[in-house]
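There are 2 protein chains.
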Amino acid sequence: MEQYLTRLPFWEMLTKGEQELVRGGASLLRYKKGAFVHSGGSECVGVLLLLEGEIRTFLLSDEGREVTLFRLYPGGLCVLSATCVIDQITFEVQMTAQHDVKALAIPAGITAALKERNIRVRCFLYELAIQRFSDVMWSMQQILFKGLDRRLADFLLAEQERTGSGAIRMTHEQIARHISSAREAVARMLKRFSEDGMVELQRGAVILRDMDALKKLS
Amino acid sequence: MEQYLTRLPFWEMLTKGEQELVRGGASLLRYKKGAFVHSGGSECVGVLLLLEGEIRTFLLSDEGREVTLFRLYPGGLCVLSATCVIDQITFEVQMTAQHDVKALAIPAGITAALKERNIRVRCFLYELAIQRFSDVMWSMQQILFKGLDRRLADFLLAEQERTGSGAIRMTHEQIARHISSAREAVARMLKRFSEDGMVELQRGAVILRDMDALKKLS
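If you're matching them up, the sequences are chains A and B in order.
Taking this note's numbering, I'd label the letters of the first sequence as residues 2 to 219.
Taking this note's numbering, I'd label the letters of the second sequence as residues 2 to 219.
Where hints are given, some of them may not hold.
[As the list claims (entries may be wrong)] Which residues of chain B face chain A? A partial, calculated answer using Cβ under 7 Å:
(1) I120
(2) R123
(3) I131
(4) F134
(5) Q142
Derived from the structure by calculation, the hints contain no laboratory data.
What you are looking at is a predicted structure, and each value in this text was computed from that prediction instead of being measured.
Each residue gets a CB set at the ideal place from its N, CA and C atoms; glycine is no exception.
Same shape as in the complex, but just chain A (with noise of 0.2 Å):
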């Protein structure tokens, strides 16, 4: 366990009764892939330190339509699913295991105490709950905005940084989750995509080919 709490990126700025508090609440939690981490309406989680897996969290529609606003990896800090101790926020997100997810999890309650009790802990949090707000609208603009060929160009380019390959294993329906759009018109634009040369298309996977017309796009 305290492996993992020393990799929380507030550990050093607790006093060592902080430390004993943390200690005393913080546990390790498993979500197999699928699962609710975090759900608007039910009771709220805390802090999570992501461990393995990955986090992903959109905003659900009353018809179920899903808007990805950002991904977690391991390492990644996840406060908005504290956000009972933020009164700040007061609008709802869900978040769902994409791979299986280990996490520590710092208690609603040990979390609202910190905050109270320590200034530099409560500015942390702040300061990363803005940073994911950022990225959040970021992708509203993207929705709201951006032409779904300059979004799937951004979103190609954006999965061959984070992988480092130029081929990029996803279905057409998972690449569309994750831009907010609908299959069929991911692969519509896919296939003009590659009908220009931008990309190849291969079963399960999209291989980049021509990364200066994508780039042109985006």
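Given chain A's structure and the hints, the job is docking chain B onto it.
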């Protein structure tokens, strides 16, 4: 000047030296109705305390489409006009004066110094930014997903048609039930409508004021 400085919500958090710094750098700015107060690309004006008038914050697309995010009234402190000081914010918003504006400006350099030197001020600015973001997210969610603006406009126009009167005599609760929404959501959206001059809110009634704007939404 002194009377305005003491209205700054973080004035009492400052040391004498910091107050002196702010006193030396603050200035009164005036913007004519319609003028740009802040534009994503332009230089950063710093933190603004609105003294008179109204500032509208919105997103602007490449094609010139606008989405209003929130409005600021006298007494309101604007932190998004100081995005150059908050590194975490990476997206761009626009601000214009909706009416002639008079504002107290704390320049970016001084804001940055305060943020660096005084953790209470830093925390306060972050908290404010989070509050604004939360409002923004709420608006986005309603508009993108629930079409709440559209549903509400539809309902108001249908009621006007049905009753032959531009005064819809219903409580927010009743309206919410008719369009399958929540009272709080309807109240917030009606407030937005009234800020946009589309309706006037009276006790127990909603008066339709700008039919063209409502029809455009619907």
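Subject >> Hints not upheld, ascending by number >> reply: Going through the list in order, the structure violates no hint and respects every one.
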